[in-house]
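Protein chains in written order, with this note's numbering: chain C, 1 to 225; chain Y, 1 to 747.
To be clear, the hints were calculated from the coordinates, so they are not data collected in a lab.
None of these values were measured; they are calculated from a predicted model.
Cβ atoms here follow ideal geometry from the backbone N, Cα and C, with glycine treated the same way.
A couple of the hints might just be wrong.
[To be verified] Okay, the calculated bits of chain C under chain Y, using three or more residues with CB under 8 Å as the criterion: (1) 13-27; (2) 107-120; (3) 183-197; (4) 206-212.
[As the list claims (entries may be wrong)] Calculated lysine-lysine pairs in the BS3-like style (CA-CA distance at most 30 Å, straight line): (5) Lys458(Y) to Lys414(Y); (6) Lys458(Y) to Lys664(Y); (7) Lys109(C) to Lys414(Y); (8) Lys113(C) to Lys199(Y); (9) Lys287(Y) to Lys113(C); (10) Lys56(Y) to Lys113(C); (11) Lys109(C) to Lys746(Y); (12) Lys533(Y) to Lys109(C); (13) Lys68(Y) to Lys56(Y); (14) Lys414(Y) to Lys56(Y); (15) Lys2(C) to Lys109(C); (16) Lys746(Y) to Lys113(C).
[What the hints assert, rightly or not] Residues of chain C clear of chain Y, computed beta-carbon distances all greater than 12 Å: (17) Gly41; (18) Tyr148; (19) Gly222.
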Amino acid sequence: MKAAVITFPGSNCDRDCLRALEEIPGCEADSVWHADQDLAGYDLIVLPGGFSYGDYLRSGAIARFSPVMAALKREADRGVTILGICNGFQVLLEAGLLPGAMRRNQSLKFVCKPCELVVDRADSRFSSRFQEGQTLQVPVAHGEGNYYCDDETLKRLHGEGQVVFRYADNPNGSVADIAGITNETGNVLGMMPHPERATRARLGSVDGAEIFGAIFDFVSAGGKS
Amino acid sequence: MSMEPTPEEIRDHRVYADFGLTDAEYELICEKLGRAPNYVEVGIFSVMWSEHCSYKNSRPVLSLLPTKGPHVLVGPGEGAGIVDIGDGQAVAFKIESHNHPSAVEPYQGAATGVGGILRDIFSMGARPVALLNSLRFGPLSDGRNRYLFERVVEGIGGYGNCVGVPTVGGEAVFDDAYSGNPLVNVMCVGLIDHDQIQKGVAGGVGNPVFYVGPATGRDGIHGATFASEELNEESEERRPAVQVGDPFMKKLVMESCLELIDSGIVVGIQDMGAAGLTCSSAEMASKAGNGMELYLDRVPCRAEGMTPYEMMLSESQERMLFVVRPEHVDRAREIFERWEVPCVEVGKVTDDGRLRLIFHGEEVGDLPVRGLVDDCPVYERAVERPGYLDMVQSAETLNDPEIAGVQELTAALKAVLADHTVASKRWIYEQFDHMVQGNTVQAPGGDAAVVEVQGTRKALAMALDGDGRHVFLDPYEGGKATVAEAARNLVCVGARPLAVTDNLNFGSPERPEIYFQLHQSVAGMAEACEVLKTPVIGGNVSLYNEHAGQAIYPTPVVGMVGLIEDRDRMIGAGFRGDGDLVAVLGATGADLGGSAFRAVLHGAVDGAPPSVDLQAEARLQDTMLRAVEAGLLSSAHDCSHGGLATTIAEKAIAGGRGANVRLKGDLRGDHHLFSETTGRIVVSAPPEAKEALEAIAADAGVPLSWVGEVGGEELTITVNDELGIESAVADLRDAYEGAIPRRMEKA
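This is chain Y alone, in the form it adopts within the complex:
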């Protein structure tokens, strides 16, 4: 400890700046303490006041989002949000990012992301029933990107497969914008009974505080700080800031904690995630309006000679903190002994609002709980409309040379299907155990994953969506589109959307044009959440996603969960019965801005992306749910990337059967096939359902056009009677299914 700088040295040499604190923040800390902080104290303040823990840059923006609804049981602020699904049951879910760790140590970075989000869910008392992930990398033509992609997928699988929670869905996008700064967002969904909901409160002055899980090591020190800075060449040196996961220990910690919660003796429980012991102890004390004393000599340590600084800042994985009443201590110990999970009393709840650290009989830290948790300065950053927007939005996207003729158009469709962002993600999800627990009734690959609620007729649908390209081109409309698409994915399987968890992945908020992207896209999301009645019940913010001075596409990712009341009403994306009729719900306009068509065929990311008519979207989704409820539909698939041609091809591939489709309209043939107008769903239905479906659509004012019928082994699509697409479904499948495996095997 003698090696640690003194408070004077910290001040004089601005050691705090290395921890990401500004001069003004340091001054404020001195004011709160009434003295200069020592090394462990300044370390603690720096992680608690990092963007990752304090949301100091994003808080003003987050306040735009609607968070309330009649079914919301727990909103933002706890480990996870919780919504009611009836009959005394509820669903808990949350998303989290592990972008920076995954950029430098992809396997462990991704694995510990899964570990962290699982803890968020079971610390609420919920049993995790599903995991999802949203991944973004640079193009797979580059070796480094392939390495990151391969190892991130292995890391997620290595962890998720072991803990016995199925990984049921997600998305993967490949774009230059994410080279050097991949995005790894993971979401967990859990089931809970209302009366089991836990909160992370250190209640009851005098109650003992317990540490559960493996010993604390020197890994992950300043992980939260690392997460809150830009990546550059020196980021490799941040490898020690990445934690190492132990899914086996996690499984034991999870089962033992769920048993502890089930026993009904827990006063408060919270996971040690970002900023480890520091954040969990301070937050638990803060939520109860109490203080806490920690006896650091008792903290199990992996290495000898660990200092209070290291213990408080370590992000060693699989650890929890809980509080029980003294008379329940024996019962708690018994549970952890049976599971062979270390459980140590490390502190007690106090009434003075201070976080005190005792080490070798000496007080080595004395901090105001409120100051740590609630008094971090909040920054309203400067906002400036980025200069690039006018340029990209005014780009002419409809004057490109027409791709015409059946051969050229069919080749164009295959090229879009083989684009890694559009192509089948089977290569990814077959590496994930998506079936364990025996409730997965829609496996990955559909619009949304569906997991049955055991013992009921209900099922939960879940989807993860982001659209960095559209948000880049128009942050506000892109934000709306992201929410609308997630909701549309849910209604396509027959689920009523309940609520949202969001992960805001952006560049540095200190740059006014980035803050503009953040602010505008969240405002757009907020409007969509209002109209679609899907409140935001929690989420995560990941800023400073930049590499070598270049920010990623602004990428809000929306995780949405919906409820299917009767699992037998669930439908899938693929064509089902020969002779079924094919219909398009929603109208098709000339929306090529930011489309897969322009990116793949013309190498351009430009134009104004489709705007979202939220009222029309709400009517469409309502119509969809009414049609499902009436049992009219055989299949439904959201029409998004790659337009109608791609959507219909995907339905043919998923269903293993062809179709004859005839499109009519004023658009140029290639534009009609590939336009990405939002608010469209392609459905199929038996002929006898035709009139009933028309009536429902007409009643809601939703455009409906019958465009063809299912059957055969070929897909043909004509536009205004001219043959556009003609291909065996098997060939389309080869393009769609083969793209990613071929690229990865070629390496």
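Extracted from the complex, chain C is given alone in its bound form:
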């Protein structure tokens, strides 16, 4: 598998994502600067967490204008697997690759802690190593992770099976406890929790590694499931 991790100015989980990917035997991961305009040839593109452009406006609101984003959209349309984590999820929402929007956490405070997730769909390319209903330990760390969408969108998300991960104990006020959703075609996933922080037992959980592992399985199987 060939993976790219995009670094926007202000990304700060880019190195952690590269490390998590490099720990998978058979995975090659490149760091890609936001000014690059070519993403051809990658099986997985990761938008990492952080504070792109400082997030002084709305999170991800400026990053979506980065030069790399046009290429990202092209790859998304081609069906390439795209994973947006935390700030990466926010960027995907701002770019219109996923429906809905992020608000500040209900507490109005940044929250960083281990979090229990429930697997809503085990048939996505991101969750195929889990059972439906299984609970995972993956930490969150964000100030704007309060996912919102209108009722109609929510109905569609549920109807089309786009909600992949839910919070067991909602840390931010997200609608329907949503922690991670895909687009309609299922190749783009945005999630607030950080799978790259749950890749070694010493960090408290290895469930995050299984998310990267599931993507690896999908790509290794020819990218069509």
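Got chain C; can you put chain Y on it based on the hints?
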């Protein structure tokens, strides 16, 4: 510029006094210059000769501290101290205070404190791997204190979370002594290879000097002067002296500077912290024995019409100064262009030992570098033992009415656990990203934070400790206790203590009884550092911490870093396995002076605090490390505030399991449970480790008593067979975890 007073007016109207200079200091400046200084020159002298930059009051005291050791690679005097951790790697760390800015503008005051300490670390060439903070506020019952607390925490998070350095630990204390003058100390730890260590030297006559970072604004002018005066009603007007942070820009400046250093072309680099361009240029020139010329027209400015005075004294954030050889200029520019960080040539290194300022083709300042950096007068202040000491120390702390019976004692334990100083700090640290970089293997809440060294089996442990109450009651013993506790916290996770960075938070040194506190506590710290072999490799001094004429508790804060050779040997504080045996290492005496028990249950801060037997402490810590190395222990937790009952309860809460504990001894029951005798650690170990642990303790002459076993969902503690504590662990957790959130939500 025509508005600026002339040299004559400065002299006649004593303008220098507004900048904190005394008449004698002004005279000395005239002597050094051979003439009366102009406005920008007197401004520059005043910040360089402020306590914050010159340590003029504290230098005689700081010289008491041991600073050398076989593993010390860089000692005090540089941006940060550096110690060897083997295999060509080293750890750089430093602490800094942002007390005064945080008192008037808590969010930015705290945020820029984080920014400043990060710069100190990466300007040495080290990549920051952890941040810690030590916070002190007045009681949370007061609205203003809650506001300061809430905003300081948000400021630290707002900055630290953005730059991608995990905030892994620290401490928070709430006490009347800090109402009006909170303490915000921040520490940063970085990793570096030996061959990458940078120094802030302006070497090579003729080399160009570069300014990196955002434009200079009118913020933070005279910040260092502000830091060196007492707070009062007018301090609110000092708000413009507080800088505004930009963590996003900081992240870019940090990454680009680390790339620059990595390229191997840097001659010298230093951050623009306190006193901005002034301090960085003067210090870099001084360390090289050179001079420097600055072309102020080239300094990027945020506002039009900024004067040399404003440019030289601004403390605008996220700026660095570096020197390269002419042939490397293009390479340097390329790096900063890629990161979109402004980088401008603003000067050159000269050989005449002068700091010359050129503006609009005119020389607007000409100062002796040595005079600025090294010739500040040093004051041996008068010392006088404060009158209060006899009174508080002679207070009788053992004749209080006994708290007896299981209900009363359990309620007392819950009250101590719910005391905001003792209670869980989860409300704070969950607002900090403590996991980014993916190396945090002991999150905040334990005795020490632990961060793995990527690519090795090593890990770094770090702790921050201060104990203002004990230092107030006995400065010398309190100073010893502060160092001993920090070291004990490190050994409790299995780390060998390496070295210390200290932040001395005190009142005005011009008052003899404050100087006594400063001198005595540093002397105590020095003795402890000697015995525990933890040299001081850098630090910070924050004096004039007074509000409305009232000084804070004398509060030296010790930041200590330790090394775990094999991360798999690391242990935590919480009980781990049912059936494990519980033991107390160290002996318990009747030490209620200055205890949490007396403060919480009797509303008294009095008595003689526990004295520290440093030899016994060293033996205890050595025993602890041997036991960890032998893999005997399941958990360990330092016994300090709140005594054995609190320590054991914390172990139960952290481990999510109960214990049956049986204490024996001559002390009154409540005193046995809550005494704060130093030099104790509560451990748990599987039964099969019993004999080996006994052998190690006996070999070192460390008292060891087996007091119970782990298991169940209840904690019970008997004293001499009488039931003292009986509670579900869940109820204890509720008291401990709920105290601060409940208080903050109630607001």
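Checked hints:
Coverage of a stretch by a chain is defined here by at least three residues with a beta carbon nearer than 8 Å to that chain's beta carbons; for the region 13-27 of chain C and chain Y the count is 5, and the condition holds. Given as covered by chain Y, the region 107-120 of chain C passes the check, having 5 residues with a CB less than 8 Å from a CB of that chain where 3 are the minimum. Only when three residues or more bring their CB closer than 8 Å to a CB of chain Y does the claim for the region 183-197 of chain C stand; here the count is 3, and the claim holds. Chain Y is given as covering the region 206-212 of chain C, and this is violated because 0 residues of the stretch bring a CB closer than 8 Å to a CB of that chain, at least three being needed.
Taking the CA atoms of lysine 458(Y) and lysine 414(Y), the gap is near 38 Å; set against the 30 Å cutoff, the hint is violated. Distance check on the hinted pair: lysine 458(Y) and lysine 664(Y) sit about 40 Å apart at the alpha-carbon level, beyond 30 Å; violated. For the proposed pair lysine 109(C) and lysine 414(Y), the alpha carbon gap of about 28 Å is at most 30 Å, so the pair holds. For a cut-off of 30 Å, the pair hint linking lysine 113(C) to lysine 199(Y) is broken: about 38 Å separates their Cα positions.
Restraint check: the Cα-Cα separation between lysine 287(Y) and lysine 113(C) comes to about 45 Å, which exceeds 30 Å; the hinted pair is violated. At roughly 44 Å between alpha-carbon atoms, lysine 56(Y) and lysine 113(C) are farther apart than 30 Å, so this suggested pair is violated. A distance of roughly 16 Å separates the Cα atoms of lysine 109(C) and lysine 746(Y); the hinted pair therefore holds under the 30 Å criterion. Straight-line distance between C-alpha atoms of lysine 533(Y) and lysine 109(C) comes to about 41 Å, which puts the hinted pair past the 30 Å bound.
At roughly 22 Å between alpha-carbon atoms, lysine 68(Y) and lysine 56(Y) fall within 30 Å of each other, so this suggested pair holds. Taken as a hint, the lysine 414(Y) and lysine 56(Y) pair is broken in the structure, with Cα atoms around 46 Å apart against an allowance of 30 Å. For the proposed pair lysine 2(C) and lysine 109(C), the alpha carbon gap of about 37 Å is over 30 Å, so the pair is violated. Note on lysine 746(Y) and lysine 113(C): the hinted pairing holds, with a Cα-Cα distance of about 23 Å set against a maximum of 30 Å.
At roughly 23 Å, the least C-beta separation between glycine 41(C) and chain Y is larger than 12 Å, which holds for a residue marked as non-interface. At roughly 22 Å from the closest C-beta of chain Y, the C-beta of tyrosine 148(C) stays outside 12 Å, upholding its exclusion from the interface. Under the 12 Å C-beta cut-off, the non-interface status given to glycine 222(C) relative to chain Y holds; the minimum distance is some 31 Å.
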